[in-house]
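Visitor: As a plain string of letters, each chain reads:
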Amino acid sequence: MTQLITLTINDRTYDLAVPANRTLADLLRYDLGLTGTKKGCEVGDCGSCTVLLDGRPVNSCLVLAVQASGKTVTTIEGLETDEGLHPLQQAFVDHGAIQCGFCTSGMILSGKHLLDGNPSPDEAETRIAISGNLCRCTGYQKIVEAIRAAGKSTQE
Amino acid sequence: MLLPRFEFHEPRTMKDACRLMGELGEKARPLAGGTDLLVNMKKKILAPDHLVSLGRIEPLGKLRTENNGLRLGAGLTAAEIAESPKVKDRFPALAEGASRLGSPLIRNLATVAGNLASARPAADFPPPLIAYGARVVVRNASGERILPLEDLFQGPGATTLGPEDLLEAVQLDAPEERSGAAYLKLGVRQTLEISIVNVAAYLGLEDHTIQTARIVLGAVAPIPMRAPSAEKALIGEAPSPALFVKAAEAAAADAKPIDDFRASAAYRRDMIRTLTRRALETALARIA
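Chains W and H, in that order, are what the protein sequence lines are.
Numbering-wise (numbering that gives the first Met the number 0), the first sequence opens with residue 0 and increments by one.
Numbering-wise (numbering that gives the first Met the number 0), the second sequence opens with residue 0 and increments by one.
Looking from chain H toward chain W, a few residues come up when the C-beta cut is under 7 Å (computed):
no.	residue
1	M0
2	R4
3	F7
4	G33
5	L37
6	G54
7	P103
8	L104
9	L108
10	T190
Hint data in this document are derived by calculation from the structure and do not stem from the laboratory.
Everything numeric in this text was worked out from a predicted model, so none of it was measured.
Ideal Cβ positions, reconstructed from N, Cα and C, are used throughout, including at glycine.
Just chain H, same shape as in the assembly (with noise of 0.2 Å):
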């Protein structure tokens, strides 16, 4: 398969990659990884006049501690962010996202910021990070914005990043002292598979009771959607299996699922429950 022609950019710093796509606009793409947008070129779904390549920005790979937090660089690929002994130690959630997205090989290549941006429902990146409560830092040649994570969906394949815009980093705060959280996804294979569902679950306690609660599902809605009913019935209650699948039923009855010819709607409302107890169990057992 033949890429169609494209002017090609190679900007050093973010300043410049900001001013070539204020200039360009609507004409550029931001490449970064290439496995979604490549890909989409290949298939003749997308001919952007002007490629604006990002791999050559040296801060967008950095991970760094951010006020006891993490600062995650928009170019840091999924194997990165799978492998980095501060991810897994402290956000093991967003660790295991990582490591399900594509397989080993474009884990090598597929950036956090790609994965957002790209906004599929079925994306391993986002339930996570909106379980940790991330926010994303959004820069263009005026400046920059920070908005949390789940305000960027607006659709399959629609955020509210402009033409201009670019993904400079993600950022993490602290999980709380008595916190746990899990990820969980379904597909038919293990590797190199679009979740059927997949669900993220945080949970933070004070004393025996749950004080936070957070519950993001995948592929049963146009975006990532957060679980209000599961929360609301977990909030204020000791942590119990009982609860647990109180929660899931509550989740199941969130989620909005489609009949796709990956699944049934009701299958995946049922894998919904199964995996938000799942995922919750999991969480409480993190919990130090």
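The shape of chain W in the complex, shown without the other chains (with noise of 0.2 Å):
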């Protein structure tokens, strides 16, 4: 059951000998500590474990890692550079946006697909992106806000 893949994480190639019942999930995580991708229902309706996926946000605990072989992968820690945070990293410390932070990995790269396609979002479009990625402590409103900010940011 165990196959050879390769991928593409934040712009490092890794090849790795995975099972295949292995998720993306748990081999950021487990094998290669990239603990900034969170667990929290596992099944796809908290979206904490919110990776890039070939650009697009997806749920990486219902993603095989041998679905992803070929594939790039942005994860949380993909964002920071070495001249520091992500506009949109600095627009959630900002403006309030983080509270416990379980859910902010998964906020933030639902909130840079949006700006990707969308640099001006209104309200109503930034709560659609975020949809999929539940907050238990914030009430959302700050991490609308901030998703916003940001984008407005990086159009000055």
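Dock chain to chain to rebuild the complex, using the hints, since each chain is given by itself in its own frame.
Guide: In structure tokens:
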């Protein structure tokens, strides 16, 4: 059941041997130590496991690592650079959009995908974009504001 | 949650996939988006010995115009269908159905074939597809057959697909020149929701009378169902608010809802009435 796969994660290429029943979420967290991706419900309802797979946000708890072979994965760890936090990450900090932080990785990646295609989303568009990511702490308001502000700031 | 162990197969062609399904039969399940199958496996509801992943079969991911209609590859995701300009322009009710499935994250994985094959009564793809008169192309190692989508469903979780069958494509004919359709979903939440009820309506006009009417109700029967009395009330008549109220009443009477934890049968019936009327009004408004 073990297969050899090749994945590009945050611009690094990994050659790995994985059992077919390992999810991408478990691969990232346990095999690669990339624990920014969280496991909440593990059935695709909470979005805390969100990663970008070939640029699209998905529940990594429902992707088999073997399905992701040959594809590009971006996790939350892939956003920060040597120059510092990604504007979205900074916006979350600046706007008080982080409380416990558990939803944050997923929220930021869903927000990134939104802004990549639409730099000035309105409130409704932003709420739809994060509608697969649950937050138990913040009530979503500051998350929405942070995402919209980050869109504006990268335009300036 | 751990997944049980299984043998994993990744055919690159439909031919190989059909051969594998033919050999493995009941011991295998096809894997597309995984948003239903993997969940059931994590919950220990299913533990197939083999998974035949269809994700590397390129033709399954194609959406193309065919005979002036559309051919949807079975592997197209809900997001791809919801965002496709060809779908949004010519089959807006289908774009609506696709866009209400699950969440944006789920939509990037879930496929139209998976939503059809899992045969949930509240599913989002069947009502608008049936309203547009869709057919499905089923393939196995012996060949291909094409059937109306309506004929696929037998009960909750049950289809006419055999253990060796794979859905290959959904075929849509061009809608009539003066036609419109709409899909409405009612849930407690706006997202990540299984419908309390849903309704798709398709109207085709000739001169000023309704020639074609298809009304499809979800979550009020073991399978997505047509509303025959409602359709009968519409055909041959000139559209009007009063007519739509009458048709909505007939649809509510056609529906066979049950009480469950999501809603009572009485509430479902009530909401069928409301959603049918609204879907008809939107369908009419979309006629050019």
